[in-house]
Amino acid sequence: MLKIENVSVYYDKAIAIDNVSIEVKYNEAVCVLGSNGAGKTTLLNAIFNVVPKLGRVVLNNIDITNTPTHKIAKMGVVYVTDKRTVFNDLNVYENLEIAAFDIIKSSGRKFFEKNLSAIFEHFGNLEEKQKLKAGYLSGGEQQMLSVAQGLIRAPKLFVMDEPTAGLSPKLMGYVFDIIAFMKKQKMTILIVEQNVNKTLMATDRAYIMEVGKIKDSGNSKDFLDSESIKKAYLGG
Amino acid sequence: MLGGVLGFVLIQHSIPVFISVIISTIIVSIIAILIHVTMLSKTKNANELSLIIMTIGISIFLRGVVAVVLDKDAHPLTPFFNFSSVSLFGITFSSQYIIVICAVIIFVGLFYFYMNKTLPGKIMQAVSMNPLASKIFGIDVNFQQLKAFAISGFVGSLAGIIIAPISFVQYDMGVMFGLKGFAACVVGGFGNNTGALVGGLIIGIAESLSSGYISSSYKDLIAFVIMIAVLFIKPSGLFSSEDVERV
Amino acid sequence: MDKIISIDSITKSFGGIKAVDNVSFFVKNGEIKALIGPNGAGKTTLFNIITKLYTKDSGSISFMGNSIEKYKSYELIKLGMSRTFQNIQLINDLNVLENVMLGYHINMKSNVLDAFLSLPKNKKYEKEAEKTSYYILRFLKIDNIEKKYPNEIPFGYKRLVEIARALVSKPKLLLLDEPAAGLNESETNRLLKTIFRIWEQGVSILLIEHDMNLVMNCSHSVVVMDEGRKIAEGPPSYIQNNDEVKRAYFGK
Amino acid sequence: MSQKIFLLILFVVIMVFGFFVKNPFILNMMSLAALSVIVVTGLNLLLGFAGQISLGHAGFVAMGAYISAVFSVKFNINPWVAIVLAVFITSLFGAVIGYPTLKLKSHYLAMATLAIGEIIHSVVNNYVDLTGGPQGLTGIPMLSFFGFSFDSEIKFYIFVWTLTFLLILMSINLVNSRFGRAYKAIKSKENAAYAFGINVHFYKVFIFTVSVFYASLAGALYAFYLGFISPSSFGLIQSIDYVVMVVIGGMGSFFGVFFTSVILTILPNILTSLEDYWPIANGLLLILAMMFMPNGLKGLFKWIK
Numbered sequence: 454m455l456k457i458e459n460v461s462v463y464y465d466k467a468i469a470i471d472n473v474s475i476e477v478k479y480n481e482a483v484c485v486l487g488s489n490g491a492g493k494t495t496l497l498n499a500i501f502n503v504v505p506k507l508g509r510v511v512l513n514n515i516d517i518t519n520t521p522t523h524k525i526a527k528m529g530v531v532y533v534t535d536k537r538t539v540f541n542d543l544n545v546y547e548n549l550e551i552a553a554f555d556i557i558k559s560s561g562r563k564f565f566e567k568n569l570s571a572i573f574e575h576f577g578n579l580e581e582k583q584k585l586k587a588g589y590l591s592g593g594e595q596q597m598l599s600v601a602q603g604l605i606r607a608p609k610l611f612v613m614d615e616p617t618a619g620l621s622p623k624l625m626g627y628v629f630d631i632i633a634f635m636k637k638q639k640m641t642i643l644i645v646e647q648n649v650n651k652t653l654m655a656t657d658r659a660y661i662m663e664v665g666k667i668k669d670s671g672n673s674k675d676f677l678d679s680e681s682i683k684k685a686y687l688g689g
Numbered sequence: 180m181l182g183g184v185l186g187f188v189l190i191q192h193s194i195p196v197f198i199s200v201i202i203s204t205i206i207v208s209i210i211a212i213l214i215h216v217t218m219l220s221k222t223k224n225a226n227e228l229s230l231i232i233m234t235i236g237i238s239i240f241l242r243g244v245v246a247v248v249l250d251k252d253a254h255p256l257t258p259f260f261n262f263s264s265v266s267l268f269g270i271t272f273s274s275q276y277i278i279v280i281c282a283v284i285i286f287v288g289l290f291y292f293y294m295n296k297t298l299p300g301k302i303m304q305a306v307s308m309n310p311l312a313s314k315i316f317g318i319d320v321n322f323q324q325l326k327a328f329a330i331s332g333f334v335g336s337l338a339g340i341i342i343a344p345i346s347f348v349q350y351d352m353g354v355m356f357g358l359k360g361f362a363a364c365v366v367g368g369f370g371n372n373t374g375a376l377v378g379g380l381i382i383g384i385a386e387s388l389s390s391g392y393i394s395s396s397y398k399d400l401i402a403f404v405i406m407i408a409v410l411f412i413k414p415s416g417l418f419s420s421e422d423v424e425r426v
Numbered sequence: 017m018d019k020i021i022s023i024d025s026i027t028k029s030f031g032g033i034k035a036v037d038n039v040s041f042f043v044k045n046g047e048i049k050a051l052i053g054p055n056g057a058g059k060t061t062l063f064n065i066i067t068k069l070y071t072k073d074s075g076s077i078s079f080m081g082n083s084i085e086k087y088k089s090y091e092l093i094k095l096g097m098s099r100t101f102q103n104i105q106l107i108n109d110l111n112v113l114e115n116v117m118l119g120y121h122i123n124m125k126s127n128v129l130d131a132f133l134s135l136p137k138n139k140k141y142e143k144e145a146e147k148t149s150y151y152i153l154r155f156l157k158i159d160n161i162e163k164k165y166p167n168e169i170p171f172g173y174k175r176l177v178e179i180a181r182a183l184v185s186k187p188k189l190l191l192l193d194e195p196a197a198g199l200n201e202s203e204t205n206r207l208l209k210t211i212f213r214i215w216e217q218g219v220s221i222l223l224i225e226h227d228m229n230l231v232m233n234c235s236h237s238v239v240v241m242d243e244g245r246k247i248a249e250g251p252p253s254y255i256q257n258n259d260e261v262k263r264a265y266f267g268k
Numbered sequence: 015m016s017q018k019i020f021l022l023i024l025f026v027v028i029m030v031f032g033f034f035v036k037n038p039f040i041l042n043m044m045s046l047a048a049l050s051v052i053v054v055t056g057l058n059l060l061l062g063f064a065g066q067i068s069l070g071h072a073g074f075v076a077m078g079a080y081i082s083a084v085f086s087v088k089f090n091i092n093p094w095v096a097i098v099l100a101v102f103i104t105s106l107f108g109a110v111i112g113y114p115t116l117k118l119k120s121h122y123l124a125m126a127t128l129a130i131g132e133i134i135h136s137v138v139n140n141y142v143d144l145t146g147g148p149q150g151l152t153g154i155p156m157l158s159f160f161g162f163s164f165d166s167e168i169k170f171y172i173f174v175w176t177l178t179f180l181l182i183l184m185s186i187n188l189v190n191s192r193f194g195r196a197y198k199a200i201k202s203k204e205n206a207a208y209a210f211g212i213n214v215h216f217y218k219v220f221i222f223t224v225s226v227f228y229a230s231l232a233g234a235l236y237a238f239y240l241g242f243i244s245p246s247s248f249g250l251i252q253s254i255d256y257v258v259m260v261v262i263g264g265m266g267s268f269f270g271v272f273f274t275s276v277i278l279t280i281l282p283n284i285l286t287s288l289e290d291y292w293p294i295a296n297g298l299l300l301i302l303a304m305m306f307m308p309n310g311l312k313g314l315f316k317w318i319k
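Protein chains in written order, with this note's numbering: chain H, 454 to 689; chain G, 180 to 426; chain V, 17 to 268; chain S, 15 to 319.
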């Protein structure tokens, strides 16, 4: 479904990610693990053309190497960044409305409202706070809103950058429940995480990144308690 | 300024007022779009300072063109309606003032409705709040900025043309209006519509009082004196809460 | 004087969200202390509060026994506290040596008139700043790049230049904000040695870091933050095996 | 090549030029150009080094000109004393008004300084009793120095250019000191600048005051040189012209702005028939400069270090 071929990113003259290749197959959940500064976020930003890159990115046999971010979004891909995708001065309902603006245009408001009530089944506290400005939500709630914004677009490919960063254990569990739900919905998932074990449990395959390079890859379950993970995070 | 001047030229050529207004606002909006497409969006590595300098460049360029094509004199424009004045509660208003007041009410209302109650308006707001997130949800940020530019061109030209019968048409009309609007925003606090409105009222009242009690030749000064006084005391404006810095 | 800096019940909220929640700890004189925690734990916010770039909601900070309440952010360096930044803040218009000399700004007593007229006093202090800065660059073993501009040197060197600039004012306490972020393995090792050499000069160090390898190897004591709160404190060996820390990092 | 050597060469060239060119019209224009160079050098310190914009500098030139002229014409104060007083008062005014204004940033600062310029312009225009209003102020005496009168073009030319070069030299000195580094830090990394012990707001107000000092000095000299001043010389367009000179010359480049201010002062005086087209040309210059060469002519002078 998504193929990343020999992608490199340079900041000024320093290299941030170095010749990285990753593949995500249809209906597969893939994670990229690695400590901070390993280049995980840069990799995602490179896929979505938020930062300039070398190399090639292919989505469903279409070359999207140079496709602008907003056009990639229209191809059924959602990217929830680590900086959160909420609009602070708009309320929760409006945030979801804007995230789904093109769907409202094409399929009508009724369809949107129906999707919305399905989403709210998973995000009860967001339903209660529909009229509250997103800027007043707690960090965790903003994070949940970002995920909800992604879900309402009913994407084929869901890309997430550290969706559990800064979340309390309870909310964290929630996020992984939702990931399980997405898998059931036949969504393809690419996730970048610091939260090693739960991510490995929730995904099919894993790539381990260290200082801009892919160091290891394989079935997620095989990495549980493995040495290369420990090395990437704690330095052994 | 452009709106006023264009409207003036069209009306001079005995084109009906209503049609002149429409044509000139459309032309100015197109010019605004062209400016955005050819200049602002093409500027690489644009930082704020270079964009400011560019805007100054565009503004003096347009003024220069008007000064050459028209001239530098002030031209009167007859009010849009024949009746000369209206009496209300014993106070007499000239007809053009009525038009200005009505236009302000209508446009502030429309603008508020568009920006806060319709999806396209909210999308424009969203782009300014979080451009990256907007892109991620499929919004064409560049196009939205273009739209914002066109709308500001439209509103600006409309303001120019309806104020023209009061202020005369001249190549440098608009500067004082812009500055006083800015002063009102500083007094009220930026990003705060109510504040700006109250700031505008304070300045307007102070102006009338000063021309009554001191001298009308210093009327234009009072707005800036108030602005600087406010900056001394509370730089964030009278009605703003403390800035929320985010990590 | 046992504590170089003491942070007491600091709290800071942004729009109702507690970024730093009642955090207290201190750094002992001559100690290397690390501040760790997941993204958004509030570490950099705390740094910005210590260096007065943000105002705190409540709590107090004292430096070498005195409250820093009445000082402005630009006065802290005079007291002997200097910092580096997570996002490198080198001035591109200045070469490496000049960037480091910028850190010596407050040690120069020449006034504006001396500068305008290029009086002997100005020249004397310029020479002194140049000499000291060059000395620091040599101390960090990067004197070979003194004439280069920031965008001409590799990322790892930029970090070192930034540290040099913070060191040149001869601080008692050095605050390092993620000095290893973006560095590769060999650069990180070099940084580790550098931190030790700075410490040997009697400088106390408080550093924010994500690279656990570096933290475990260089610090005497570690504070762990999560969601704005301090969740653990102790020597590296203790932190490495602390369950709550594991949960914050691994979600185990 | 060092900046100071280049400056010295330039000084010699200007002086030799003055002695060989006998045409008073050319000398007159060159003297006016020198006054522009003074204003623009000051503005360059503010805009090019500290990164703070001012769209009101013609107002400070006007203050220098009018205060000194009024002191001298209406109160019979010695011209030199009048100049010193005018420069002092204007600089003080700059500091006082700069204190609140420089809390504003970017386009807010641009608007506020534009407003200050317009205020000064409007006061000059309206306070007819002292300033003569739109008609201007005449009868400003000629400068003389212990009986040595600047009665010929060449005398003033030498005086004003010497002064100009001294002021540029001082600016170069400042920029090459710890203060120059501090301003470069403020320009690009304002928040980090605090950490180096720089009181950012105070420094901004200071450099603003210095640039006002340069502007008012040029204004005062302008008044006594021409003997006649009127508000039309100090309008918004003039303020923008100064910004154009800094931007085209290359922000932060003393020699770049030197040449642009000489050229852009002289050209409009030669091509008076094209007067109406100058704003258009200036506007285009600004737009094109920002689009295609944001560093202005600076690139040409890269080899001077």
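Keep in mind that a hint or two might mislead.
[Said to hold, decoys possible] Derived BS3-like pairs (lysine-lysine); straight-line CA-CA distance at most 30 Å:
| hint | chain 1 | residue 1 | chain 2 | residue 2 |
| --- | --- | --- | --- | --- |
| 1 | S | Lys201 | G | Lys359 |
| 2 | H | Lys674 | H | Lys524 |
| 3 | H | Lys536 | G | Lys296 |
[Stated by the list, open to error] A few chain H residues that face chain G, going by a derived Cβ cut-off under 10 Å, partial list only:
| hint | residue |
| --- | --- |
| 4 | Asn502 |
| 5 | Ile525 |
| 6 | Lys527 |
| 7 | Val533 |
| 8 | Arg537 |
| 9 | Gln602 |
| 10 | Lys609 |
| 11 | Leu610 |
| 12 | Leu677 |
| 13 | Asp678 |
| 14 | Glu680 |
| 15 | Ser681 |
By construction, these hints were calculated from the structure, which means they are not laboratory data.
In this text, a Cβ means the ideal position worked out from N, Cα and C, and glycines have one as well.
For this session: Give me the numbers of the hints this structure contradicts, sorted from smallest to largest.
Result: Of the numbered hints given earlier, those the structure breaks are 2, 10, 11, 12, 13, 14, 15, listed in rising order.
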